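Enquirer: Residue numbers (our numbering), protein chains in the order written: chain C, -14 to 106; chain A, -14 to 106; chain S, -14 to 106; chain V, 885 to 1280; chain R, 885 to 1280; chain D, 885 to 1280.
Misleading hints may appear alongside valid ones.
Unchecked claim - Okay, derived cross-link-like pairs now, SDA-like style, lysine to any residue, Cα gap no bigger than 20 Å in a straight line: (1) K895/V - E(-11)/S; (2) K926/V - K926/D; (3) K1110/V - K1012/R; (4) K1096/D - K1110/D; (5) K1110/V - M20/A; (6) K1012/R - R30/C; (7) K1110/D - T(-9)/S; (8) K1110/R - V925/D; (9) K1219/V - E16/A; (10) K895/R - L10/C; (11) K1110/V - A29/A; (12) K895/V - R30/S; (13) K1110/D - E(-11)/S; (14) K895/D - K895/R; (15) K926/D - G1148/R; (16) K26/S - P1107/D; (17) K1110/R - R28/C; (18) K1012/R - A17/C; (19) K1210/V - A17/A; (20) K1110/R - K1110/D; (21) K1012/V - P(-12)/A; (22) K1210/R - K32/C; (23) K1189/V - M20/A; (24) K1110/V - F(-10)/A; (25) K1012/V - A29/A; (26) K926/R - R1111/V; (27) K1110/R - A918/D; (28) K895/R - L1126/V; (29) K1219/V - A29/A; (30) K895/R - M20/A; (31) K1110/R - A9/C; (32) K32/C - K1110/D; (33) K26/C - K895/D; (34) K926/D - S1109/R; (35) K1012/R - A29/C; (36) K926/D - L10/C; (37) K926/D - M25/C.
Note that these hints are calculated values from the structure, not bench results. Here the structure is a predicted model, which is why all the values come from computation and not from measurement.
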Amino acid sequence: MNPEFTNGVTLMLTGIVVVMAILALLALSIEAVIMVDNWMKARARAKDGFNKEAIPSETRMMEFLSDEEAAAIGLALHEYIEMQYRQAGVLNISGPEASRWSASGRQGIMASRLNVILRGK
Amino acid sequence: MNPEFTNGVTLMLTGIVVVMAILALLALSIEAVIMVDNWMKARARAKDGFNKEAIPSETRMMEFLSDEEAAAIGLALHEYIEMQYRQAGVLNISGPEASRWSASGRQGIMASRLNVILRGK
Amino acid sequence: MNPEFTNGVTLMLTGIVVVMAILALLALSIEAVIMVDNWMKARARAKDGFNKEAIPSETRMMEFLSDEEAAAIGLALHEYIEMQYRQAGVLNISGPEASRWSASGRQGIMASRLNVILRGK
Amino acid sequence: MLENFLDNFVKVFSSTGFSAITAPNLLMLAVGCAFIYMAIVKEYEPYELLPIGLGAILINLPLHQMGNFFPVLELNEAGQVVKGFTQNAGLLGLAKEYGLFTYNILPPLIFLGLGAITDFSPLIANPKMLLLGGAAQVGVFVAFFGSMLMGFDLNDSAAISIIGGADGPTTIYINAILAPERLGITAVTAYSYMGLVAIIQPPIIRLLTSKKERMMKMEQLRPVSKRTKILFPIVIMIISILFIPMSAPLISMFMIGNVFRESGVVDRLSRTSANELLNIVTIFLMLCIGITLEGNAVCNWETIKILSLGLVAFAAGTAGGILFAKVMNLFTKNKVNPIIGAAGVSAVPMAARVAQEIAHHEDPENHILMHAMGPNVAGVIGSAIVAGYFLSILAK
Amino acid sequence: MLENFLDNFVKVFSSTGFSAITAPNLLMLAVGCAFIYMAIVKEYEPYELLPIGLGAILINLPLHQMGNFFPVLELNEAGQVVKGFTQNAGLLGLAKEYGLFTYNILPPLIFLGLGAITDFSPLIANPKMLLLGGAAQVGVFVAFFGSMLMGFDLNDSAAISIIGGADGPTTIYINAILAPERLGITAVTAYSYMGLVAIIQPPIIRLLTSKKERMMKMEQLRPVSKRTKILFPIVIMIISILFIPMSAPLISMFMIGNVFRESGVVDRLSRTSANELLNIVTIFLMLCIGITLEGNAVCNWETIKILSLGLVAFAAGTAGGILFAKVMNLFTKNKVNPIIGAAGVSAVPMAARVAQEIAHHEDPENHILMHAMGPNVAGVIGSAIVAGYFLSILAK
Amino acid sequence: MLENFLDNFVKVFSSTGFSAITAPNLLMLAVGCAFIYMAIVKEYEPYELLPIGLGAILINLPLHQMGNFFPVLELNEAGQVVKGFTQNAGLLGLAKEYGLFTYNILPPLIFLGLGAITDFSPLIANPKMLLLGGAAQVGVFVAFFGSMLMGFDLNDSAAISIIGGADGPTTIYINAILAPERLGITAVTAYSYMGLVAIIQPPIIRLLTSKKERMMKMEQLRPVSKRTKILFPIVIMIISILFIPMSAPLISMFMIGNVFRESGVVDRLSRTSANELLNIVTIFLMLCIGITLEGNAVCNWETIKILSLGLVAFAAGTAGGILFAKVMNLFTKNKVNPIIGAAGVSAVPMAARVAQEIAHHEDPENHILMHAMGPNVAGVIGSAIVAGYFLSILAK
Ligand code: NA
Ligand code: NA
Ligand code: NA
């Protein structure tokens, strides 16, 4: 066997090992990230009394709604939030944050999530 | 007359001839393309029993419809297609092709064209 | 004090003077532009019998209207314009200019401005 | 210290533009403002004349580097590099140098976008309209003859006469190669006359046609299948480039853009070619044209000559198209309204609209716009082929 | 004068493409048309094959300069500059030279856009899918071995074998460095087989799995939080580049695009990366690939060899993914349907769809598309790391 | 063979980044993550700090070529070319070199986009606001003085002090010319303080104004005609560039963008300047700034000095604007609320919002936002003129 060929074979084998090792390390890192994320969620839950992160994400909810529906729901819920939720005092939403919510119905979806929580309590 | 000037004049005359010749050739080629196209349409008509190509194009129909109207017509017609047209067995529409049609009302316009054909028969 | 430092200080002081002088000149130029603009408006008013430019600008009016509202108002007013305003003969709106107005409700806002003038007369 | 302070003032004021501004600069500042006025108030070709006017104003304010470009290398006679890169180049100088003079890539990019917004159906439905688009090129050749009579050499004559093609990017492309020092004037002349086509053409049309001819109706164009629309640009590209390889930069990008459009399967590429890419290139190309209009370079008799040659070219092209249409009517069955021959000069779509308006004025029931679009887009192809022809014969 | 006239005709006709066209050009014109047919009628990878086909047609029409590039400098042996810039370069030649051969920036730009449209959730929800994406890279190494057996040297073998990665931009990136003269063929081979993945993979999947395996259902993926989605690309970028610095050009841009997307605070950057920028770069990259397919350069036995090695690579990658999934099932609790291993070759998202269709065919209630997306996007990361590995070992 | 295999492993591991990473790199990786945190969670200037943070992470991962650039030419002392082009340049290294150091075209392009999104009406309605925008430039000159006291030379002092202009692209533009090695730090300092303007300004405003002053109401701005809006940018461009030609790259593009916007006839150019072009340039400019933050280059005392000088500049600019407003009130009839002087530092539009919030807090019926926008945009013009002034005096 010529040396170039031997070289190529070892290069190939090293490659498989190296690539699999790095991908395995990446997989472990992601698991670590998820663990940290879960721990932060648990801490937030312990602190706030409910789990904000567990709610289906905006994106997922949006899939089932048209923009108009989202806007309508969002605006309605923003009123609900303004009246009831802030009394509940769970979150301190005010000033620019509150107006940002009402600005766009799409962001009102976020409000609807909180609503779900409140009612679920 | 100086040679540069003579040169220029011949250049000009050659230019007119060359350009007109090429444009004439292009015109003939386009006629040839159209003949081939017509022959292919005729062959398709002979094979399928109707002339798909002769129907006013999607674009032209779309000019008279809003997106919402197109979507509505398209969805309705897709149902029609699913039920009736495939029984007629003229075209074998199924699987991803069928779902692509229903996916967007705009593509349903294509269905509406087929509808026109069917009824016209 | 070393010469570089002295140099720097004078550079700084010159800079403040130069920059303020240029900005003051710019401010004066803008005032001049506004004067010219006002003079042209006055001339136009003298010629046309009313002040086209004094009307709140399209942009400012648009802030209070949704696109749909603007479109509706614009189209309605365009009809009004077509019927009444041109009889008044104040402006000679016709042909492509008129159709450009009716083309989009947003441009109809411009018509609404003229309407305001007419009624204000 | 006070001395230093005063020194600094002197330094600042000696670096202002007042020390360097010249009368031609002031004239061109006024011309720049006039272009902006025409663009905004008259809406003559605003996408070209507005940025050109702004560029013209910018370049006639002296002593800044926005329009500068210093070559990557400065060599001495022994071929040794005396100087490398320099910071002292400006955004628009770079765009002009790399986009036009050195690489000449902006015009083909414009053509890619134009291809993606052009509908060739009216031409495909009636291919002999290509001949009308060709006949209008007679304007180019007449102007070529005129330029030689006025003493321009062959390269210059070709570069000037292409104004008669009434296609901005084609004019710019060929001038950037054959007569770069005159690029700004020829481009601006072309765009200005294109903006004025509604004033230039009608008297010529009325002169060369009878009322009866102008009232001729044309039959409905035959429908064009999607398959033909896709094959058209491919066939045009192959044949044109086989015959005139030098037409490739313009023709190939034009036709590739059109295939993107007609294929229906690469909507993203088609939209981007027709919008963002076309817009970005337009901004830079037109600002670049503007900064070629430096007063001291353009205020001379040559400019007046070019302006008159351009007018001759537009007029001759209009006449050529009309007369060829009349000749064609002698030999063919389906007669054409000779007015549409005038649309063969290009100036898309204004020349076609002029034809429509004249016909419509003679007979309010007569609509020849779509028929006029045939020679109109054919004129673009024709001019690109003429440009390729000139480059095959003349370019080094 | 008449003599002059005839001379001119001769000059024009000797400058036409007919004098220079060769049989391989004609063959490649036909191949270009075939690509366009596949793109438009069959809708196989139209965003790649349509512009590639158009570029191939263009470059096989002889004697024009659209694909030319002459170096900025020509030096003699004394290091003296013989020649500087030249006008004689074409738009696509410049894009190819600067975008690929000299600077190789087009593939990373594509990856920025791909990052901005990729949803890594299915992979984050199940990180061990990364291993399936790695296992499918076995196709690359098998093809590497095969290339060496066929007599290619190490650089060439690496450049060819990356076809098995089934990622266009990765293939182009590494070939532009290691085997630029063969770039067109390898890129086109990769895209063609990606278009044909629905034909290549099913028989291999059926061969290597039992009906029972193909009917395996997988449980719902766990939800992924926004925080994890943002951290994922940052972590992947840091670790991959720390280990394989040469993977930076592809991995970093891919992950930066993904942070833009997932952060939710730079919507304008994310949209532009995913749309206009991606579209513009696609147009030029694919036309550039097209113009590397000049008949006289590509019509040879090597091309046949590369086509067969590419097929071997795709098949071996598919097999590698499936077999690794089966091995993984021996050691883990949550078993995976081995079909999704085949999606590890990338060819996003076609290979994932193939997996879905086969599973769905066996059991209409079984939907594994989202599960297959995990190895599918993991394969992109895997191939980029393999490319970085090859470059660390081989590039000068 | 096994030996070979181990050799290869050694080769791979010696090419990983671990061998080369340093403590400053690790520090800057943390800083990069902190920027990303500020951008995403705190939403401080996300369009700048997110890509800057990503670029900072990338460049502090060692041994890859993404940030590299090797000059086109390497010359020996005899002016002979030793080396030509090299593949070993990375996408972001190229963008940094050509976009900033060699040609400095990215900042003017950003200004084109900013011009297309800026509404100058509040400034046109009350032109003396230009003086407030000028007075806030005092921060620049104070920081200039401070830099000299700290031992920086003239060029460096000018480059650092422009941070007080609170305009990212202006800071980047002048630093790329006068102090390229420090570009990253100055740009990042400017953007960071701009993000923190709501924290820096209020105490200074409260210190320098009485409650009565802060409660001052201002009368409704006079309406501005379309004609004036179009003439404004043209006039500003002509006068500024005539007096300070070196301000042309920033002022001209800013004003050209604004003419596009206000003219109403080139909607496509205006939209593209304000969207796609601005977004594309932002991506590359900010990533380029990020990759200048290489740990070993920026971790030193100078950085601390620059951070403190930047803070001084912001504070002095705020104070300068307020005090000048108070002085101006002594001489004019229509008094201004002195808070709006603070908005003269630029940091568009945050500083104007700060002014609004403070006034609104004192009196919920008082709305001075539109009045504050006047000095706010004037500050951008002011800083560009200051930059031009520095370059006229200092640049080689
Ligand atoms: Na033409
Ligand atoms: Na892959
Ligand atoms: Na400022």
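Enquirer: Are the hints correct? Go through all of them and say.
Expert: Comparing the hints with the structure gives:
Under the criterion of a C-alpha separation no larger than 20 Å, the hint pairing K895/V with E(-11)/S is consistent with the structure, at around 16 Å. Under the criterion of a C-alpha separation no larger than 20 Å, the hint pairing K926/V with K926/D is inconsistent with the structure, at around 49 Å. As the CA atoms of K1110/V and K1012/R are separated by approximately 48 Å, the hinted pair breaks the 20 Å bound. This hinted pair does not check out: K1096/D and K1110/D have alpha carbons roughly 36 Å apart, beyond 20 Å.
For the proposed pair K1110/V and M20/A, the alpha carbon gap of about 14 Å is at most 20 Å, so the pair holds. Using a Cα cut-off of 20 Å, the hinted pair K1012/R and R30/C is violated, with the two alpha carbons roughly 28 Å apart. Taking the CA atoms of K1110/D and T(-9)/S, the gap is about 48 Å. The hint is violated against a cut of 20 Å. Between K1110/R and V925/D the alpha-carbon distance is near 12 Å, which keeps this suggested pair within the 20 Å criterion.
The suggested pairing of K1219/V with E16/A holds, with an alpha-carbon distance near 18 Å, which does not exceed 20 Å. For a cut-off of 20 Å, the pair hint linking K895/R to L10/C is broken: about 67 Å separates their Cα positions. A C-alpha spacing of about 15 Å is found between K1110/V and A29/A, which places the hinted pair at or below 20 Å, so the restraint holds. At roughly 48 Å between alpha-carbon atoms, K895/V and R30/S are farther apart than 20 Å, so this suggested pair is violated.
At most 20 Å may separate the alpha-carbon atoms for a hinted pair to count; K1110/D and E(-11)/S exceed this at roughly 49 Å. With a C-alpha separation of about 60 Å, the suggested pair K895/D and K895/R falls outside the 20 Å cut-off, and the hint is violated. In summary, the hint linking K926/D to G1148/R is supported, as the alpha carbons are separated by about 12 Å, within the 20 Å threshold. The suggested pairing of K26/S with P1107/D holds, with an alpha-carbon distance near 13 Å, which does not exceed 20 Å.
About 16 Å separates the Cα atoms of K1110/R and R28/C, which keeps this hinted pair within 20 Å; it holds. Distance hint between K1012/R and A17/C is fulfilled; the C-alpha atoms sit about 13 Å from each other, no more than 20 Å. With a CA separation close to 25 Å, the supplied pair K1210/V and A17/A exceeds the 20 Å bound. For the given pair, K1110/R sits about 46 Å from K1110/D by alpha-carbon distance, which is inconsistent with the 20 Å threshold.
Proximity of K1012/V to P(-12)/A is assessed by CA-CA distance (about 37 Å); at most 20 Å being required, the pair is judged violated. Restraint check for K1210/R and K32/C: the C-alpha separation of about 44 Å exceeds 20 Å, so the hint is violated. Between K1189/V and M20/A, the direct Cα distance comes to roughly 48 Å. Violation of the 20 Å bound is thereby established for this hinted pair. About 48 Å separates the Cα atoms of K1110/V and F(-10)/A, which puts this hinted pair outside 20 Å; it is violated.
Between K1012/V and A29/A, the direct Cα distance comes to roughly 28 Å. Violation of the 20 Å bound is thereby established for this hinted pair. Taken as a hint, the K926/R and R1111/V pair is honoured in the structure, with Cα atoms around 14 Å apart against an allowance of 20 Å. For the given pair, K1110/R sits about 18 Å from A918/D by alpha-carbon distance, which is consistent with the 20 Å threshold. For a cut-off of 20 Å, the pair hint linking K895/R to L1126/V stands: about 15 Å separates their Cα positions.
Annotation: proposed proximity of K1219/V to A29/A is violated, straight-line Cα distance about 33 Å (limit 20 Å). With a CA separation close to 34 Å, the supplied pair K895/R and M20/A exceeds the 20 Å bound. For the proposed pair K1110/R and A9/C, the alpha carbon gap of about 23 Å is over 20 Å, so the pair is violated. A distance of roughly 56 Å separates the Cα atoms of K32/C and K1110/D; the hinted pair therefore is violated under the 20 Å criterion.
With a C-alpha separation of about 42 Å, the suggested pairing of K26/C with K895/D is violated against the 20 Å cut-off. With a C-alpha separation of about 18 Å, the suggested pair K926/D and S1109/R falls inside the 20 Å cut-off, and the hint holds. Restraint check for K1012/R and A29/C: the C-alpha separation of about 28 Å exceeds 20 Å, so the hint is violated. Under the criterion of a C-alpha separation no larger than 20 Å, the hint pairing K926/D with L10/C is inconsistent with the structure, at around 31 Å.
With a C-alpha separation of about 18 Å, the suggested pair K926/D and M25/C falls inside the 20 Å cut-off, and the hint holds.
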